[in-house]
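Residues per chain are reported as follows:
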Amino acid sequence: MEGFLLKPIAPHLIVIAAGCLVLLMRAYGKKTSAGASGAVTLASLVLALAASVFLHGDAAKSAFSGMVVDDNFSLLVTVLVLFSGILCVMLSFDYLKRIGIAQAEFYSLVLFAVSGMMFLGSASDLVTVFLGVEIMSISIYVLVGFNRGRMESTEAALKYLILGAFASGFLLYGIAMIYGATGTTNIAQVAEFFKTHGPSQISPLFMVGLALLVIGFGFKIGAAPFHMWVPDVYQGAPTSITAFMATGVKAAGVAVVVRVLMFAFPESMDRWVPLIQLLAMVTMTVGNIAALTQKNLKRMLAYSSIAHAGYILVGLAAVYSQGFAEKAVSAVFFYLLAYTVMNIGAFAIMILLGRDSDEYENIDDYKGLAQRRPWAAFFLALFLLSLAGIPPTAGFAGKFYVFTAAMRAGFVALVIIGVLNSALSAYYYLRPLIIMYMSDPDADIVENTERRPALIVAIGVTAVLTLELGMGLLAYLAGGGSYYEMISGYLARVM
Amino acid sequence: MLNQYLVLSGILFTIGVTGVLLRRNVIVIFMCVELMLNAVNLSILAFSRYHAGLGNLDAAMNGHALVIMVMAVAAAEAAVGLAIVISIYRRRETVDVEEINLLKW
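Same order as they appear, the protein sequences are chains A and B. Residue 495, in the working numbering, is where the first sequence stops; the numbers in between run on with no holes. Residue 600, in the working numbering, is where the second sequence stops; the numbers in between run on with no holes.
The hints are simulated quantities; they were obtained by calculation from the structure and are not laboratory data. Bear in mind the structure is a predicted one, so any value in this text is a computation, not a measurement. Every clue listed holds true.
If the Cβ cut is set under 7 Å, some of the chain B residues that face chain A in the computed set are: (1) Val515; (2) Val528; (3) Val535; (4) Ser538; (5) Ala554; (6) Asn557; (7) Glu572; (8) Val575; (9) Ser582; (10) Arg586.
DEER-style ranges, computed between Cβ atoms: (11) A/Leu278 / B/Gly505: 23 to 33 Å; (12) B/Asp591 / A/Pro204: 33 to 43 Å; (13) A/Pro204 / B/Ile510: 15 to 25 Å.
C-beta atoms are modelled at their ideal positions from N, C-alpha and C, and glycine is treated no differently.
Okay, chain B solo, but in the shape it has when bound (with noise of 0.2 Å):
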């Protein structure tokens, strides 16, 4: 089973990488970087069970671990992010990345 969540998980990482690379609206692109990080969540979660599979169970409780560590790492990123969007959204009246371009060469 192993083998069958991991691909699963590399295609929704590769679907939020996709996304951010090519999506304009910051809020769209901010879905894509969740949706990133809980591809990885659920590869470690396949690792873990493959770990407690293999009776290794202090393996496996690491990974439950650091699932919980990185919920709650996205939800703070999260919180941050929807706060500068809107701070840009008062000045400006975008989210459209393309608009946003006052620092180049």
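So here's chain A without its partners, still in its complex pose (with noise of 0.2 Å):
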């Protein structure tokens, strides 16, 4: 066993190597570009993905005395972190250089983030969970604020700081609680204390510190009510950090809550089902119903990302099935999977317009996108489709999964408030697909040309797999193999 210790963490060890690399390679040679920095960046993450998966064995290993575990699900948290970074990396390369912070120590932030998230995906100890949240939130507040000339952006690192710092003092709050109530912080443990004292022994002050711990990781997720701060900051950050936080950030952070909850307190759910379903109810018609009135795109996408939150968090409520948890986790992922690569393909979009002083944030810079730009015009079409959840997109799949998952849990109500909350969002998605192909655009507009070889291949890749998630839901239905049976079977081993 003591052989294998460092296996578990062989790709966060990757990632974090190549952070202090990054910065090494600036502080030594003051010529590396960032380019150069960048690259390096791409590379170390491919290799931990390929790391994760190669090194990844059937059972499940754990080290440090039980601080961190490799298992499927741990396995699963990686990858999908792994590729909403690697995306990142790909959207920052030109998009750093053309509003000037292309900067070493920007890639190094997003790996030590990335460092955090998988983290995440593999703790087994409620200390861990803070750490990772913790590495994960401290480098993100830094890269929103990461383009100082603008005001915008570092108001938005402020104002992110001090409510992520206040939802860290919420969840170490329900931590210590739960230490107290339970004598231990491990997860498995804390679950092993339940099963052995019975019902009898959910004493109030673990009733507090699990409501303490769901506000703490709601503020993280961006859920209703704890969602203030979301729009403004999606909207100051540089738009690639944007689209790191609405997947990566927000993928890590429903993993966490899922790892905690599901395998913590399992003997609970009747406790802590209820609240999760009453924050979905509220997360998705908040999101939706101020989304409506947004001119400004990255904010429209911001409040939409709190939207997505809501359907997260129904397919998390589903959990409830007898017998069936780990098809409604396995929802969850395909959700999360299949929003990430719309939404960053959106973002990639927005980026590949921008130019140089103009960030293209408004709807109204899209008029006659179509005569103008018409690929880019049709890939935004796409991926404002799959947003919205019209078929045969991964959204679309993605909300089937999950409302379905939520039908096997008996929860009605919450899935026709769902599917109402998808078909009123379905209004401000396609309103910029009405100005991008209805009106005719401004004549004194120059376009941005320059070739841009990483963004290109990021949107490609975000495009195929919008359309190959969303036909998996064929092969689903036809009874075959699909991603989300895949997803399913890797849990169900876990689960």
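Dock chain to chain to rebuild the complex, using the hints, since each chain is given by itself in its own frame.
This is the structure we're talking about:
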């Protein structure tokens, strides 16, 4: 056992070492270009992805006295956040140069944030959970404020920092109470404690701790009513970081919620499922209604990301269905994957269209895009349709799996509210489409026609995956193998 | 004794939360966040002594380790926070959150 001590965290170590290397390259080689740092970052993320897949064994292995674990669950999270990180770096290459913040520190912070997310995926102790959340968050605070010349950016960083630290306080208080109630911080031992002591031991102390944990996590994944920071921070942050926060940070946050609630408190499910249900309803509705009136595309996507957090929570509430918990969690993972590809795709198009001084954020800027840049308009339309959940895209498949899982758990009201919300959201996703295709362009627009291969590749990959994941639904309905089945096959072995 | 420590920690935590919500000076808000984290530290240590009193020494040591981690994290957060405040102050000459309000609907 001792010989394999580092194996479960080998991918994490690769990412952390690369983060340090990028910093040192900049410190010792003053002439190192930001492009070289970016290339090292990209290479190390791909290497970590390969390592996490190839070093992964079928049996769960824990290390560092049960602080981290390498199981199928952690593998899925690691793959998801590394994928999001890779796409974010590809989006950043030219964008950073264009807005004048191409610095090596940016990439090393991305790497440290990714390492925090990976630790969240493989955390098997509440202390690791706390440290993972903080490693991720502190790196992201700096990244949000990285564009120091722009006041919105630093302001967003300040708001995120204050509310993030506030949320960490709640999270930590929750951990403290659970530690007080059970005498351990290890997730498996907490579950064991309730199994042996029975429901009579569910003390008020523990219930308060659980509620505080849910509040802390609610802040981190941007669920209403803890969402007020999301629009400001997403709008102020550099666009590639917005894409990263909406996908990677959210995926890691949701993963840790699942890990803590499902693995530590399965016995008290009837206490926290109603809480999650309520959060899901409020989050979907608030996000969608607020998104209706937005004129800034980045801010609209921020509100839409709140709504999508709501759909994800619907899937999480669906773990209540006896014996189908792993199906519900697979639906959540599938949704996270689908959301990652379609959302990063939409942000990539925004970056592609942006010019020197103009961030290209207002929806009116997209007037007549179909005539000026037919391909960009086509791909943006694809991603927006997918976000709206229109077949045959990934967004539709994701919603299908999530709502099916909720039906299986018997939450009919929740599903009805979810479907109504999807219908509502079609309004604000289709509005930019109409503006792009139905109105004429302004005459005086100078196009940004630079060649940006990394960005084009990112758009291509996300577009193909958006369709591919959506088509998987057909295979699923026909009874064949789909990505969803693959994910639930993995999860069935740990849940 | 456990109860007294938990009540004190609860009071300190509430003062911190109230401060974050009501004060307008960013520096004071940071102090309140630190107060929240240290209130939690106090209750973790109280629980740790309580578990030690029950004879569960493993549990007691877990608490100590957690407190040290929290102190390290709080320091990192303060460093980043002050850096962000300085970069805002250089541009706008204010640390009043009411005046830092470019982003809104």
